[in-house]
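*Asks:* Line by line, the protein sequences give chains A and B. For the record, in the first sequence the residue sitting at position 77 is 77 according to our numbering, with numbers rising by one throughout. Quick note: to get our numbering, add 1000 to the position in the second sequence (first position is 1).
Incorrect hints may appear among the rest.
[What the hints assert, rightly or not] Cβ pair distances, simulated, as ranges:
(1) B:Leu1092 with A:Thr103: 39 to 49 Å
(2) B:Val1114 with A:Phe41: 24 to 34 Å
(3) B:Gly1111 with A:Gly12: 33 to 43 Å
To be clear, the hints were calculated from the coordinates, so they are not data collected in a lab. Virtual Cβ for every residue (Gly too), placed ideally from N, Cα, C.
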Amino acid sequence: MATPLKRVRGLGAARHGTETFWRQRLTAVANVPLVIFLIWFVVSHAGASYDSVRQSLSNPMVAVLMLALIWSSAIHMRIGLREIIEDYLHNKLCKTSSLMLATFFAAGVAIASTYAIMKISFGG
Amino acid sequence: MTNKLEAERPLSPHLQIYRPMLTMLMSIAHRITGASLAIGFALLTWWLVATSMGPDAYSFVQSFFGSFIGRALLFAFTWALIHHMLGGIRHLIWDTGTGLDIPTVERFALGTIVGSVTLTVLVWLIAYYVMGGL
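Just chain A, same shape as in the assembly (with noise of 0.2 Å):
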C-alpha cells in the first residue's frame, strides 16, 4: 500500500524529492550578493575602453565572481525556465521540445560565457 510516508521516502512520483526546490533556493540565495556584484561591475565600468574592461575581467577575483555568477544563474534559470513551460505548455511534442530548448539555452550562455572568461583571464 502506498502511504504518503511510502511516497516521500521514495522521492516522490518525479523521483527527484525536494531537489530541485532545494537547488532553486540555493543558487537565489547565491544570486543574491553575485547579481549586486554584477551591477557593481558593469556601472563602474560604463563607458570604459576595450583595454580597462578586458584587464579588470582579467582579474582572478572578478573572474571567480563572473564565474560563480554565470553558473548559478545558468541553474537558477533552467529551473526557472522548465517550470513555466510545464505550467502552461501542455501539447506533448511543444512541450518536450520547449523543455530541451530551455536546457539548450542555459547550457549554451553558461558554456559560452565561461569561454569568454577563460579566454580573457589567460589571455587568448
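For this one, chain A is given, so just place chain B on it according to the hints.
*Replies:* Chain B alone, transformed into the frame defined by chain A:
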C-alpha cells in the same frame, strides 16, 4: 453523455474570474521578469564573448548598448533583475514561514515595486555619473 457531464461538473475559478489584486500581479511579474532575464543573460553573454574576441567586436557591442534601443533594453534588464531579486528575497523570507499574513504580504508587494523602481533609477544615475554624463 460524457461531454455533457464534463460541462456540468463544477470548475475551479481561473484567472479571469478574479479581480486583479496587487499580490496576484506581483506573482505574475515575478514570472515575467524571471523569463525576461533569459534575454538579459544572452546580452551579458554577448558582451563577455565580444570582449574576449577583440577591440572591434567590443566596440560594436558597446555602440549597440549605447544606442537608444540598447539603453532601453539595458534599463529594462536592470529593472527586471532588481525586481526579480527583491521578489526572490521576499520568497526566501516566506520560505522561513514568516511574513505570510495578508498585511505583511501587501507591504512586501508595495516595497518590492517601490524598491525596484528606486534602485533602478539610482543605479542608472550612478552609471551616468561614472560616464561623466551628470
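*Asks:* Taking the hints in turn, state whether each one holds.
*Replies:* A quick look at each hint next to the structure:
1. B:Leu1092 with A:Thr103: 39 to 49 Å: Once the Cβ atoms are compared, 25 Å apart, the range 39 to 49 Å for Thr103 of chain A and Leu1092 of chain B is violated.
2. B:Val1114 with A:Phe41: 24 to 34 Å: Roughly 25 Å apart at Cβ, these two residues keep to the hinted range, so it holds.
3. B:Gly1111 with A:Gly12: 33 to 43 Å: holds (35 Å)
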